[in-house]
Amino acid sequence: MSFFLETLIGGLMSGMLYSLVALGFVLIYKASGVFNFAQGAMVLFAALSMARFSEWIPQWLGMDNLFMANVLAFAVSVAVMFIVAWLIERLVLRHLVNQEGATLLMATLGIAYFLDGVGQTIFGSDIYKIDVGMPKEPVMMLENVFEGGILINKEDFVAAFISAMLVLALTIFFQKTATGRALRAVADDHQAAQSIGIPLNRIWVIVWCVAGITALVAGVIWGSKLGAQFSLSTVALRALPVVILGGLTSVPGAIIGGLIIGVGEKLSEVYLGPYVGGGIEIWFAYMLALMFLLFRPQGLFGEKIIDRV
Amino acid sequence: MTGRKIGEVILDLKNISLSFGGVKALQDISFNVLEHEIRAIIGPNGAGKSSMLNVINGVYRPQEGEIILRGEHFANMNSYRAAKAGLARTFQNIALFKGMSVLDNIMTGRNLKMKANMLLQALWVGPAQREELEHRLKVEEIIDFLEIQHIRKTPVGRLPYGLQKRVDLARALAMEPQILLLDEPMAGMNVEEKQDMCRFILDVNDQFGTTVVLIEHDMGVVMDISDRVVVLDYGKKIGDGTPDEVRANPDVISAYLGASH
Chain A
1 MSFFLETLIG
11 GLMSGMLYSL
21 VALGFVLIYK
31 ASGVFNFAQG
41 AMVLFAALSM
51 ARFSEWIPQW
61 LGMDNLFMAN
71 VLAFAVSVAV
81 MFIVAWLIER
91 LVLRHLVNQE
101 GATLLMATLG
111 IAYFLDGVGQ
121 TIFGSDIYKI
131 DVGMPKEPVM
141 MLENVFEGGI
151 LINKEDFVAA
161 FISAMLVLAL
171 TIFFQKTATG
181 RALRAVADDH
191 QAAQSIGIPL
201 NRIWVIVWCV
211 AGITALVAGV
221 IWGSKLGAQF
231 SLSTVALRAL
241 PVVILGGLTS
251 VPGAIIGGLI
261 IGVGEKLSEV
271 YLGPYVGGGI
281 EIWFAYMLAL
291 MFLLFRPQGL
301 FGEKIIDRV
Chain B
1 MTGRKIGEVI
11 LDLKNISLSF
21 GGVKALQDIS
31 FNVLEHEIRA
41 IIGPNGAGKS
51 SMLNVINGVY
61 RPQEGEIILR
71 GEHFANMNSY
81 RAAKAGLART
91 FQNIALFKGM
101 SVLDNIMTGR
111 NLKMKANMLL
121 QALWVGPAQR
131 EELEHRLKVE
141 EIIDFLEIQH
151 IRKTPVGRLP
161 YGLQKRVDLA
171 RALAMEPQIL
181 LLDEPMAGMN
191 VEEKQDMCRF
201 ILDVNDQFGT
211 TVVLIEHDMG
221 VVMDISDRVV
231 VLDYGKKIGD
241 GTPDEVRANP
251 DVISAYLGAS
261 H
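These protein sequences, in sequence, are chains A and B. Number 309 marks the last residue of the first sequence (the working numbering); no jumps. Number 261 marks the last residue of the second sequence (the working numbering); no jumps.
What the hints contain is simulated information worked out from the structure, not anything from laboratory work. All values derive from a computational prediction rather than experimental measurement. The beta-carbon is built from N, C-alpha and C at its ideal position, and this holds for glycine as well. Worth double-checking, as some hints may not be accurate.
[Claimed, not checked] Straight-line alpha carbon distances no greater than 20 Å define the calculated EDC-like cross-link-like pairs of lysine to aspartate or glutamate that follow: (1) B:Lys138 / B:Asp203; (2) B:Lys98 / A:Asp189; (3) A:Lys30 / A:Asp131; (4) B:Lys236 / B:Asp224; (5) B:Lys24 / B:Glu66; (6) A:Lys154 / A:Asp131; (7) A:Lys129 / A:Asp64; (8) B:Lys236 / B:Asp12; (9) A:Lys176 / B:Asp227; (10) B:Lys194 / B:Glu140; (11) B:Lys84 / A:Asp189; (12) B:Lys153 / B:Glu141; (13) B:Lys113 / B:Asp203; (14) B:Lys84 / B:Glu72; (15) A:Lys176 / B:Asp12; (16) A:Lys176 / B:Glu134; (17) A:Lys176 / B:Asp251; (18) B:Lys14 / B:Glu66.
[What the hints assert, rightly or not] To give an idea of the chain B side of the interface with chain A (calculated C-beta under 10 Å), a few residues: (19) Glu72; (20) Ala75; (21) Asn78; (22) Phe91; (23) Ile94; (24) Leu96; (25) Phe97; (26) Gly99; (27) Leu112; (28) Met114; (29) His135; (30) Met175.
Could you put together the complete structure from these sequences and hints?
Put into structure tokens, the structure is as follows:
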């Protein structure tokens, strides 16, 4: 029993991280109707920026306070992501208003390659350490309930908490503020939004800034687990099934989808793995996504598309 | 119609020509709109009515001609500038934000009037909160005015067509426009809904003094509520004047009335 719980919790924690990346996809899709293929590249870019600036800033300023260095590096990275967002709008999206979804998708594919390359040119292509002081040691819990208790990774716990807070903040921003309302309006209908005086260009910059911040948070958390390295950009591929599962248009869907996939991966690996020779974790999520595409293409929480004929 | 007084020229269109490739949608069209009046643009299908409205609103940019709004020349009008200049519009194929509630849809109409800093909005404090409440008050007035209190919280996508049209009008009114452009406000409505819509248009014009430019198919309605009418046919202007003058114009009779009677 305690082993099952351990696996379950481990799954939930890694699921939370998938959710965080998936959230980036959902935000941009909801707000601009663009499926942003560059989300993974943005995660990598943000993680590299965070890793390198937290290394460079103490050197430049000659200080050795880890906490201050991290805070400054985070602030600089936020600024960097804002600049990236602004440039993307200015150089790419502005010229593609009212174009087909496929055109925009291809554009983000281009942005992804560009960010991958530029990121590694500026920041280097080694594996860099992000040390934001996440607790590494595992803790034992519920020792008096189960024999031997269950082992939980503190780092995962903190990461899950941060993700949850971010999701909460974003939900409030989207549902309760005037800017959030304008974002949803643009997502629904470009033409109508413009005709009531919502500035499309500014809205897009805001959306990409928000996605940039999400990418930064995901990058920092993943980076402190795995190191800031190229493979981070493939994390986005792991988040694709999450988006399909949860529905492209649903924030809660991204979260619950992430949790289901995280848990499913771990449990199937442990309990089904021995029968099929292991390695289920690698393809489980994609299999699940495929099933969903067959039977429920809009995902668990996505809007069902009904056209008036 | 009492309480309102037709004023000076507020919108002046001079020699507008618009073509899409070889198709001449509008040819050398000039007319003006006076402040506080209800001005209709009519014509058979494909006459260029919607193109005309889209030119005024900045969706299309005419190859030739000038748009003069309150004495100011607009060389390259676009939707956003039009909105800032006090033009609001509704759409023939309703373009509401379907996933959002009626209230949220109408609130988006207040967007240009919101001044508060984004960060304050996000934190929901101070001026941002006060501002949101003020705008909400104004929006509630419009909701009362258009008698849609009961559907305030309903997602727009679920409403019947006639009500969606009304929400579309409400969103435009929330902008407190000087000029309201209505693209076939009564298309696809039943008699009762049409009567309601007519009443709302007349009330808006009368109570708020809003200038109304409308496109309409339903001849009866147009002749009843408008002060002056422009008639287009195949992208050309064939008539302009009061409803009675237009009705008596032989060109109009052969092009439009003649065809349908």
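We went through each hint and held it up to the structure:
1. Between lysine 138 of chain B and aspartate 203 of chain B the CA atoms are separated by roughly 17 Å; this keeps the pair inside 20 Å, and the hint holds.
2. Straight-line distance between C-alpha atoms of lysine 98 of chain B and aspartate 189 of chain A comes to about 9 Å, which keeps the hinted pair within the 20 Å bound.
3. A distance of roughly 33 Å separates the Cα atoms of lysine 30 of chain A and aspartate 131 of chain A; the hinted pair therefore is violated under the 20 Å criterion.
4. Under the criterion of a C-alpha separation no larger than 20 Å, the hint pairing lysine 236 of chain B with aspartate 224 of chain B is inconsistent with the structure, at around 24 Å.
5. At roughly 17 Å between alpha-carbon atoms, lysine 24 of chain B and glutamate 66 of chain B fall within 20 Å of each other, so this suggested pair holds.
6. A hinted pair counts as satisfied when its Cα atoms are at most 20 Å apart, and lysine 154 of chain A with aspartate 131 of chain A qualifies at roughly 15 Å.
7. A C-alpha spacing of about 16 Å is found between lysine 129 of chain A and aspartate 64 of chain A, which places the hinted pair at or below 20 Å, so the restraint holds.
8. Between the alpha carbons of lysine 236 of chain B and aspartate 12 of chain B the distance comes to roughly 17 Å, so the proposed pair stays at or under 20 Å and holds.
9. Straight-line distance between C-alpha atoms of lysine 176 of chain A and aspartate 227 of chain B comes to about 43 Å, which puts the hinted pair past the 20 Å bound.
10. The hinted pair formed by lysine 194 of chain B and glutamate 140 of chain B fails the criterion: a straight-line CA distance of about 23 Å is larger than 20 Å.
11. For the suggested pair lysine 84 of chain B and aspartate 189 of chain A, the alpha carbons sit about 19 Å apart, so the restraint of at most 20 Å is met.
12. The suggested pairing of lysine 153 of chain B with glutamate 141 of chain B holds, with an alpha-carbon distance near 15 Å, which does not exceed 20 Å.
13. Of the pairs offered as hints, the one joining lysine 113 of chain B and aspartate 203 of chain B is violated, with about 23 Å between alpha carbons and a cut-off of 20 Å exceeded.
14. For the given pair, lysine 84 of chain B sits about 13 Å from glutamate 72 of chain B by alpha-carbon distance, which is consistent with the 20 Å threshold.
15. Pair hint lysine 176 of chain A plus aspartate 12 of chain B does not hold up; C-alpha atoms about 41 Å apart against a cutoff of 20 Å.
16. Of the pairs offered as hints, the one joining lysine 176 of chain A and glutamate 134 of chain B holds, with about 15 Å between alpha carbons and a cut-off of 20 Å not exceeded.
17. Between lysine 176 of chain A and aspartate 251 of chain B, the direct Cα distance comes to roughly 55 Å. Violation of the 20 Å bound is thereby established for this hinted pair.
18. As the CA atoms of lysine 14 of chain B and glutamate 66 of chain B are separated by approximately 5 Å, the hinted pair is consistent with the 20 Å bound.
19. Among the interface hints, the one on glutamate 72 of chain B is violated; its C-beta lies about 17 Å from the nearest C-beta in chain A, farther than the 10 Å criterion.
20. Of the supplied interface hints, the one on alanine 75 of chain B is violated, with its beta-carbon coming no nearer than about 19 Å to a beta-carbon of chain A, more than 10 Å.
21. Using the Cβ-Cβ criterion of 10 Å, the hint placing asparagine 78 of chain B at the interface with chain A is satisfied: the shortest such distance is roughly 8 Å.
22. Of the supplied interface hints, the one on phenylalanine 91 of chain B holds, with its beta-carbon coming within about 7 Å of a beta-carbon of chain A, less than 10 Å.
23. Taken as an interface hint, isoleucine 94 of chain B checks out: its beta carbon lies about 9 Å from the nearest beta carbon of chain A, inside 10 Å.
24. Here the hint on leucine 96 of chain B is kept, as its CB sits about 7 Å from the closest CB of chain A, short of 10 Å.
25. The restraint placing phenylalanine 97 of chain B at the interface with chain A holds, with a minimum CB-CB distance near 4 Å, inside the 10 Å limit.
26. Using the Cβ-Cβ criterion of 10 Å, the hint placing glycine 99 of chain B at the interface with chain A is satisfied: the shortest such distance is roughly 6 Å.
27. Because the smallest distance between the Cβ of leucine 112 of chain B and any Cβ of chain A comes to about 4 Å, under 10 Å, the interface hint for this residue holds.
28. Look at methionine 114 of chain B: its Cβ gets to within about 5 Å of chain A, closer than 10 Å, so that hint holds up.
29. Taken as an interface hint, histidine 135 of chain B checks out: its beta carbon lies about 8 Å from the nearest beta carbon of chain A, inside 10 Å.
30. The interface hint given for methionine 175 of chain B holds, since its Cβ lies 6 Å from the closest Cβ of chain A, which is under the 10 Å cut-off.
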